[in-house]
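K.L.:
Listed below, chain by chain, are the residues.
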Amino acid sequence: MSPTDTDTVMDREPREEETAQADSQESKRKSRRDVLKIGAVLAGATLLPARKARAQRIVRPRPKIFSGFNSSAPNPGAEAITRLVRRVTHGITDDDVQRARQLGFTRYLEEQLNYTKINDSAVESYVSTTFPMLAYDHTQLYNLDQRMVFDQLTRGTFYRAAYSKRQLYERMVEFWSDHFNILWDKIQYLQIPDQREVIRKHALGKFPDMLRASAHSPAMLAYLDNTLSRVNRVNQNYAREICELHTLGVDGGYTQQDVEEATRILTGWTLRNRGEFYFDPNGHDFGAKTFMGRAFPAQPPSVGVAAIAEGEQLLTFLVTHPSTAKYIATKMTRWMLSYDPPAAVVDAAAAEYTRTGGDIKAMLRKILTPANLMAAPAKFKRPNHLIVSTVRSLKPNLTNQARLAFNYALYLGMPYFQWDDPDGYPDRVDFWAGTILLRWNYANYIATNNSDARVDVARFRTVDTPDGICTAISTQLFGGEMPATLRQQLTAYLSAAALTEARVRDALALAVSSSAFMYY
Amino acid sequence: MTDKLQHDCDACNEYNELSRRQFVGDGFLLGGGIVATALFPEWLPKVVLAQSQVSSRDILVSVFLRGGSDGLSMVFPFNDPLYYSGRATIAIPRPDSSNTAQRGIALDNTWAVSRPLSPVLPAFQAGELLILHATGSVDPSRSHFDAQKYIEVGKPRDPNVATGWLARHLATSTPMRSTAPLRALGLSDGLARILVGAPKTLPISDPANFGLQGSAATRSERTNWIRNNYTGVPEPVQASALDALNTITLLQNLNIAAYRPANGAVYPNNGFGRAMRSCAALIKGDIGVEALHVDIGGWDTHANQDPLAGSMFNTMNSLFGSLGAFWADVINGGYSGGVTVVVISEFGRNVRENGTRGTDHGRGNVMFCMGKGIAGGRVMVNTWPGLAIENLENRADLRVTLDHRDVLAEIVQKRLGNTQTNVVFPDYTPTIRGVTK
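Quick note, the sequences are listed as chains A and B, same order. For any residue, its number in my numbering is found by taking its place in the first sequence, counting from 1, and adding 1279. For any residue, its number in my numbering is found by taking its place in the second sequence, counting from 1, and adding 2.
Fair warning: there could be bad hints in the mix.
[Claimed, not checked] Pulled a few chain B residues facing chain A out of the computed Cβ check, cut under 7 Å: (1) 218; (2) 232; (3) 233.
[Claimed, not checked] Quick list of simulated restraints, FRET-style, between CB atoms: (4) A:1621 x B:306: 52 to 60 Å; (5) A:1580 x B:84: 46 to 54 Å; (6) A:1465 x B:100: 30 to 38 Å; (7) A:1621 x B:311: 51 to 59 Å; (8) B:338 x A:1373: 35 to 43 Å; (9) A:1650 x B:434: 39 to 47 Å; (10) A:1767 x B:262: 46 to 54 Å; (11) B:108 x A:1656: 40 to 48 Å; (12) B:311 x A:1630: 40 to 48 Å; (13) B:223 x A:1630: 27 to 35 Å; (14) B:265 x A:1462: 33 to 41 Å; (15) A:1775 x B:336: 20 to 28 Å; (16) B:403 x A:1731: 56 to 64 Å; (17) A:1551 x B:271: 35 to 43 Å.
What the hints contain is simulated information worked out from the structure, not anything from laboratory work. Small disclaimer: the values here were computed from a predicted structure and weren't measured. Each residue gets a CB set at the ideal place from its N, CA and C atoms; glycine is no exception.
Here chain B stands alone, though its shape is the one from the complex (with noise of 0.2 Å):
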């Protein structure tokens, strides 16, 4: 009981504080000195919280491609001829192919992307983006759903641990702002699991309008009655329910419609790109969230797959796009505090493509970490496995050299300052791959 008190004492005094910095009005910014809002673009937050970010800890933008995508469409060994006999279809052309249309981009003598990672060399070239190979998880189902779950949990078949490791990295650390009402949100319309189990965290599939509909004379009373039904009602929902009260007046001081992406950056105009755009706008309007989770599917391409010209290269264009853009407007774009981006999918596809024109379930796969403080600008692998069939696993898959939770905790520990790695990967002993600087 002694939690749930506490809880609402906290919630009462972030809410007073917010009502009472909205009273001291627009024109000033808090902690000091006098600002014109002229001075602020009009997006920004009406009311600026207290202390502006003074840690040095990153904010996290996790991104998961649901459905498996198959990372050697994207990133590819170019002179391995067993990549070319594998995908008689939907392999990507080298990059010097007379194909010229479709052929892909060298990095290095060894490693090509196909042409929807366009967007994000500018990130690759300043040293920003970080791309990895042969990475995955140990454990070696095929299942999506119990691969998703395996590293959303950040331990693979341990029925003991059902909360998301983003999550549990969340209630080991002490929040970024004391006074925030949101530490997290995932851009769904469900909690992803790698949330679940996170203090102050929200899906908000529209951070744009988040609010309480119905008669505005009796909005203020309806709200604290809600808020007394719910309180000491069981969790998730009591949680639920008195984060969401909390965080109303923070989103509408947003204004997200009017957000202006810095360095004329476009997101597409898509789910992915409408909800990286928000992430932007959450990140630079300075609220305290430090970790936001988005979703894209569309990657379990059984069938058809065309990276070339159809299926795999819209959702490629739609990501790369997205990041790229991402990159531009808020790592590059003169934001002052730090941000990491991770991308992972819950396993790659088979190294050579099936009767169908696609490929099915496989192991090993690419996964991309972006931000300044990433040691990016190569291909990094803890020794490439090979595509000899003899070197495949069930002699089918990229094996998976390494453990995707050496990459992840290295960040936990270095950009989101959290030492307790193992609480956030349970019965894991990470080594450090040098994928931060």
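Next up, chain A with everything else stripped away, as it sits in the complex (with noise of 0.2 Å):
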């Protein structure tokens, strides 16, 4: 089977609730006999850290923190720098962790986060060559074959994330392309410009800037329907969604009521010529609104076009709330570090979100912190991170990009600018981890294919003897910290039989099929 023949017509699974978990710590005692009641019918459940035993979910604990990383941190200080590595790249690699320890963990970290400064114009080339596309404005993209535009962004897409220098804001593009997910098919080549202006313009910006941005992109109001939207003739799909998913959090204090408000504060933000952001007053409500407490007085509809700026203090009002605070905070911990973030580096990064009007810089600095990386549990990739990490560190010569970024991320369950909902791809263990069989097929394509993505594997054999390999695989794929069981299974598999090309690209196949590389 070739993952072209894979069907993944199916729909999607909702992501989790950001905000629940802070929720309702009252509902949690108050059901909290209930639930271990319920627990203790489950046979087999694995033993829970006592802290947490408390107030359990029911059957399934929160998972085990995978420890496994085998640190051969040359003093104290330099796991944490390998931990920061593995957070804020697209898959370590041995150049990453040498850049890292030569500048020490601040001014890595700095150097990652002030990534202009970062000399990358190999790759800023070639994917203007290559991928022109990326840089027309609606007029010259609508014309296009669709197919060819859509084939530029997914492959230039792919190729910044493996090779740009500018990793950690890679990664950041890739967590506010979920936060303001949009789906390609309904919207096509205006996601071009989406992703340009919106999202890699301000992704290591300011968070209120890229809100603003988002409401006036001609992408966002088509997806989410708010280009339909006239007074008395309402759509309320964008109001929902800007509170819900972009800024408030489903918890974040709105009510139905003032979906609806907001919903006519933003009737007439739509679009013209093909994909140009236009107020088009005649579609506005002139009415009177309140929006979560606060008032819209009635205007007269000779105020026109300058009725835009009701919807502009609108989106000041959300990106200024605490709310909104809290729940971008709680995302980007999520993100970064935990699952399951820890409070006080949530509220660390909200009081940052508030002190900084939404640096989003400054917010990471607050999470990202030796301390916090020390105490957080690895975390699961997600499909396109682990593609993308096996062509960071095993380098093949790539030369059709298209089978990885499209065959296989649709394999594995994760086509880019393929999600339906406006949630954007699940950030959760649970909904990943079942497929994990398709992710062993795909290592041993990386590993073993003679076609377009052909790892050298000389590069592992520079000390020809099981030993020396699984020292190259440690350095290559794990930073240096290839968990010793792995080392024994690896250095096992490769004493089995004679040291032939064919039983190093499956031990190869294997280390990125191990559950050590699932983890970063």
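Dock chain to chain to rebuild the complex, using the hints, since each chain is given by itself in its own frame.
P.N.:
Set out below in structure tokens:
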């Protein structure tokens, strides 16, 4: 079977609520006894860490911490450095580790945060030559074959994730692309300006700027139907999601009535000329509205285009609301640090949001501290993270990016720009762990194929013994921290038969298939 | 640690048993007499597990309509003028309309269904399809993601309840077949929340192609290597890995691609149709799977809904065409065991259409149950709330008068043989509504 045969038309699963966890301490306590009673029924539940035992979830406990990386840290600070590299890259490489150790924790983090100062000209010049459509505007893109546009968008995104030296920036591009998720099929070429002017422009900038750019983005307004919403003929789709998914969070304090009011405030926010933002006063509702207690008085229609100010005020209200600070902080902490983000870290990041006016870099500094990283359990790579991490560490001669960026992304369940719902691909181990067999098959492909993504196996055979090969794998794939058990298992596999190229490739496939490589 | 060892042991035993049976050969059916292979269609497993189904419990097929389906475009009170006044462009014409191509089909003097439901009418007429209306969650959330989660976990707004209700049903019931390596699967790219926490359960989007690729010469060596490597890693990763390895042989012995539905049933050739066809093959393959979950999207019809000829019309054709085929093929197709199908969505949509020929997020909705053990052939409502504006929730939405958990809990009790509904639906005492026979 090749991944092209795979059928992935099924629809998607919802995202875990970002804020539910933090809420309802009361209801947690209220039902604790029942929950424990229920828990007792279920035989074989893994023992829980004591801290969690008093309010445990039904049946399956929170995932245990994966603590398998075998630190070879030359000094106590060095282990935090490799952890930092794992979190801020799309896959650790020896080059990254060398660079980070040379600079030290803080300077490496600052280098990644101040990404515009990183010389990435080789990648950018390849991208601009190979994927010129990424720089086109909507008028140029509209007349093109949309399959070609999608091809360049997808391969360009994949290429930058894999090869850019601005790895933290690319990780945040991925994060915000999910946060402001848009399904390609519905808006097609409009996704290119959205990716460029909303996501990539502000990925490490200020959140309020990104939110405002998104609210003016033809792709977003069309994806969530606001382009169709007119006075007395409204459509609530965008107004609901800007509150629920983009800013306040579902428990952020707004009501159904507020959604209806926000919908009215945003009437007339549409597009014209096949992809240009346009406020249409003829579609705007000039009546009085109240959103979360804030009055928007009625205006005479003679106000005309100046009535866009109402919507702008709504955006300002949203980005300065404490619920937004908390929601964005929670989600960023989950992304960078832990599925179960520690309240203290979230609070610190939220306070930083408020203090700096939503400065994403400043928030990341609060999240990515050595202490936070040392306390954070490893996370499970999502499919595209896995694919890109193999490209970074195995360095295949990639003559056909499409095989990985389209076929295998689809095979593993994460095709670029193809998540239907506005919540973006889940960042949950529950959702992704079940398709592990497909990952082993991908590992086999990338390590053993002889065609368009060929790995130069000689890189791993400079010391051509089982032990020497394991050392090379540890250095290239695990930042020198391959778990001891894995090393024993790989050594055994390499020692069980003659060290042919096929055996070494099998061993590489197994290293990529291993549980340790699934985590970061 | 004990449970881990236990798990391993189980896995080994199952693996050995499978191998042993395989060794016994293709021409023999285990558990008694000698049966010639020729009696069996070629897609059936080469290896048949011990003790063919003796359980009286049904296999459950759970279908989730993602996006909030507009139930009033499926099943509607055709004598209510408010239905028509609220839906100027999207109402389904009355069954006596002169628009014969698009008019609804009357079920009785109150209810009619839109034409895409035609394929399930034979099941309805046979008394094996139950339509429930004004159902849904007690929680008023109009967020897709909250509402889906609450329905899938079986209790709204409780952060302690993170596993799926179907998962807890499986966890609290004895396996229908003790040796089955796989008790449930979702036909999807990731595990739906309804199954999160379930034992021996995997998302498998393509069960016809489930195997470890790469060199055949080293396959068994690599398989063992991976088994060792994943033993002891944190859940849910360990269980997923071991379940996957234990399932390979099972699924490879089923030739799903060659599966021929009974009764000439034809599944629509699209994602959902193929998934339902796979469900049929997995059920008839008699491999011990006791629950299957399938999602179908495309229901979030804010604009240009067009249930008469366009977007929603096509989505409904896919859904009901597949359900009709499944009924003919499996439920009415001579399959010896019981099968119950449940179809649900996170919420319904506004009673009145919006300004863009669509409908925004609403509340009460229609639900479907199908099976020989279902008391079907009727539309069940627990007090029809009506469409008058003063009777609508938030003056916009059909009220929920029937908690979906009543329907599901009765099925769990009566068709799936699990009395622990207090675990499956925590802190809820269901009312038995007579959904089952």
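K.L.:
Decide, hint by hint, whether the structure agrees.
P.N.:
Hints, one by one, checked against the model:
| no. | hint | in the structure |
| --- | --- | --- |
| 1 | 218 | violated (12 Å) |
| 2 | 232 | holds (5 Å) |
| 3 | 233 | violated (9 Å) |
| 4 | A:1621 x B:306: 52 to 60 Å | violated (45 Å) |
| 5 | A:1580 x B:84: 46 to 54 Å | violated (32 Å) |
| 6 | A:1465 x B:100: 30 to 38 Å | holds (36 Å) |
| 7 | A:1621 x B:311: 51 to 59 Å | holds (53 Å) |
| 8 | B:338 x A:1373: 35 to 43 Å | violated (60 Å) |
| 9 | A:1650 x B:434: 39 to 47 Å | violated (55 Å) |
| 10 | A:1767 x B:262: 46 to 54 Å | holds (49 Å) |
| 11 | B:108 x A:1656: 40 to 48 Å | violated (59 Å) |
| 12 | B:311 x A:1630: 40 to 48 Å | violated (54 Å) |
| 13 | B:223 x A:1630: 27 to 35 Å | violated (54 Å) |
| 14 | B:265 x A:1462: 33 to 41 Å | holds (37 Å) |
| 15 | A:1775 x B:336: 20 to 28 Å | violated (50 Å) |
| 16 | B:403 x A:1731: 56 to 64 Å | holds (59 Å) |
| 17 | A:1551 x B:271: 35 to 43 Å | holds (39 Å) |
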